[in-house]
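Sequences listed follow chains C and R, in order. The first sequence begins at 0 in numbering that gives the first Met the number 0 and counts up by one. The second sequence begins at 0 in numbering that gives the first Met the number 0 and counts up by one.
Hints are computed from structural coordinates only; laboratory data are not their basis. We put the beta carbon where it would ideally sit given N, CA and C, even for glycine. It is possible that some hints are incorrect.
[Unchecked claim] In silico EDC-like pairs for lysine to aspartate or glutamate, Cα to Cα no more than 20 Å straight-line:
#: 1; chain 1: R; residue 1: K183; chain 2: C; residue 2: D202
#: 2; chain 1: C; residue 1: K172; chain 2: C; residue 2: D94
#: 3; chain 1: C; residue 1: K159; chain 2: C; residue 2: D185
#: 4; chain 1: R; residue 1: K172; chain 2: C; residue 2: E169
#: 5; chain 1: C; residue 1: K76; chain 2: C; residue 2: D174
#: 6; chain 1: C; residue 1: K172; chain 2: R; residue 2: E4
#: 7; chain 1: R; residue 1: K98; chain 2: C; residue 2: E72
#: 8; chain 1: C; residue 1: K120; chain 2: C; residue 2: D102
#: 9; chain 1: R; residue 1: K98; chain 2: C; residue 2: D94
[To be verified] Reference excerpt, derived from the structure (chain C facing chain R, CB under 8 Å, subset only):
#: 10; residue: P27
#: 11; residue: R32
#: 12; residue: F39
#: 13; residue: G42
#: 14; residue: A45
#: 15; residue: F47
#: 16; residue: I53
#: 17; residue: L55
#: 18; residue: G56
#: 19; residue: V57
#: 20; residue: T65
#: 21; residue: R92
#: 22; residue: L96
#: 23; residue: V170
#: 24; residue: Q203
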Amino acid sequence: MKLDPATRQRLQDKIAVYREFIKNWLEPANLARLRPRLEFQTGILAGFALLASILLGVTNCSTQGTIQQRLDEDLNKSLQEVVPASLYDNDLRQDTLTISSADYNIGADKTTVYLAKKAGKVTAVCFKFSAPDGYSGPINMIMGLDRDGNILGVRVLGHKETPGLGDKIEVAKSDWILSFVGHSLDNLTSSQWAVKKDGGIFDQFAGATITPRKSVQATYRGLQWFKAHQAQLINP
Amino acid sequence: MLLSETYRKIAIDGIWNNNIVFGQNLALCPLLAVTGTATNGLGMGIATLVVITASNGLISLTRHLIPGEIRIPIFVLLIATLVTLVDILMNAWAHELYKVLGLFIALIVTNCALLGRAEAFASKQPVKDALWDGLMMGLGFTLVLVALGGLREISSAGTLFANASLLLGESFKFLEVTVIPNYKGFLLMALPPGGFIMLAFLIVGKRLIDQKLALRKVPVALFHEATIE
């Protein structure tokens with residue numbers, strides 16, 4: 000856009016006037032005079048609140064997509080950890096089935112199962128579950144099972160257990176959680192599905208028994224829930 | 000002299016004399032909550048350092064605009080906004096770090112040391128001084144967090160900076176040391192009471208050092224007179 004010199008000059012003059020006004024208004028002496036006045040105080044508080052809301056709103060809107068993408072990546076990563084990529088050729092995250100799990104005490108009333116299919120046939124399933132009774136809050140986990148109910152992998156997604164003691168359930172800190180692999184309701188009796196202290200086959204940690212005990216019990220309940228819906232899940 | 004007198008004083012105050020924990024006895028809630036390990040302490044320290052520097056700078060910049068009567072709500076608003084911004088931005092752009100530090104970020108809002116610095120320093124000083132003060136206070140706080148975390152970690156698990164590579168990246172793997180091999184573990188130190196106990200030892204240690212330093216400063220003549228009497 001081209002402005003003729005006269006208009007441009009007028010605009011520049013106007014801007015200079017505004018700048019001068021703002022500069023004078025922001026002088027500490029002028030502000031000191033304004034500060035005790037009620038309308039100034041109200042205005043300033045409102046101004047700060049408005050600024051904060053705009054900043055937070057803009058940041059939230061502009062990062063929502065990225066954060067969702069990061070969470071998707073997280074989910075994808077945990078899915079891949081518990082279900083080997085060689086077992087399926089579909090998009091796990093899109094192929095889901097949601098079934099009621101209220102009677103099994105695995106954290107949620109409804110659990111979404113991600114179905115891994117190869118050539119249209121279900122080869123494995125994967126679902127998130129939770130031990131609601133962890134030592135300090137729920138322990139959120141995910142497990143992958145083959146169509147016969149054998150565990151392909153279990154991982155902890157989030158927990159608040161004691162750092163240095165209970166957090167050995169994380170795969171980054173100890174390989175305890177790998178001891179679930181290959182087990183199922185068929186190859187272990189119900190009394191074996193417990194930590195060694197309770198007569199089972201899974202290790203507890205020195206100084207933290209509750210965390211592994213509750214993780215094992217929740218995994219056991221998760222398996223029972225799968226078994227109850229196995230037919231429906233593997234032949235959707 | 001690298002720093003001017005004022006800046007040196009601010010630095011010494013922040014790191015030692017008026018340290019957030021030792022001098023002001025503030026921020027004990029986040030301090031005791033996260034210092035089970037040195038790595039957690041470091042994470043919380045860095046997050047606090049960033050936010051306290053930013054909040055000090057912002058409050059100093061707008062100090063003439065803020066009337067005394069409504070300064071507290073404005074400070075709280077500014078600090079809460081900053082913490083939330085850091086939380087959102089880190090979740091989006093530094094997601095791996097966020098998964099480790101995420102829990103601590105929200106805890107910073109409850110850190111009264113930030114409000115304390117805003118009230119006692121930033122609202123009365125020029126921007127440059129306020130930024131420097133935030134940086135030094137944050138550094139002092141980080142040092143205490145790491146010291147307390149390290150001592151608790153050594154006594155509870157026999158390791159130091161365990162899992163530091165999760166926080167700082169693979170190149171910091173060398174920080175992870177096993178101090179006492181085959182240690183049986185001492186659970187108490189990892190639990191909250193252990194935090195209180197270790198903090199007490201640290202404060203006593205600081206007081207003892209201060210006493211020694213004060214004695215050394217007493218002029219020789221005065222010292223003689225005192226002993227003769």
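Hint numbers not upheld by this structure, sorted from lowest to highest: 2, 3, 6, 8, 9, 11, 13, 14, 16, 18, 19, 21, 22, 23 and 24
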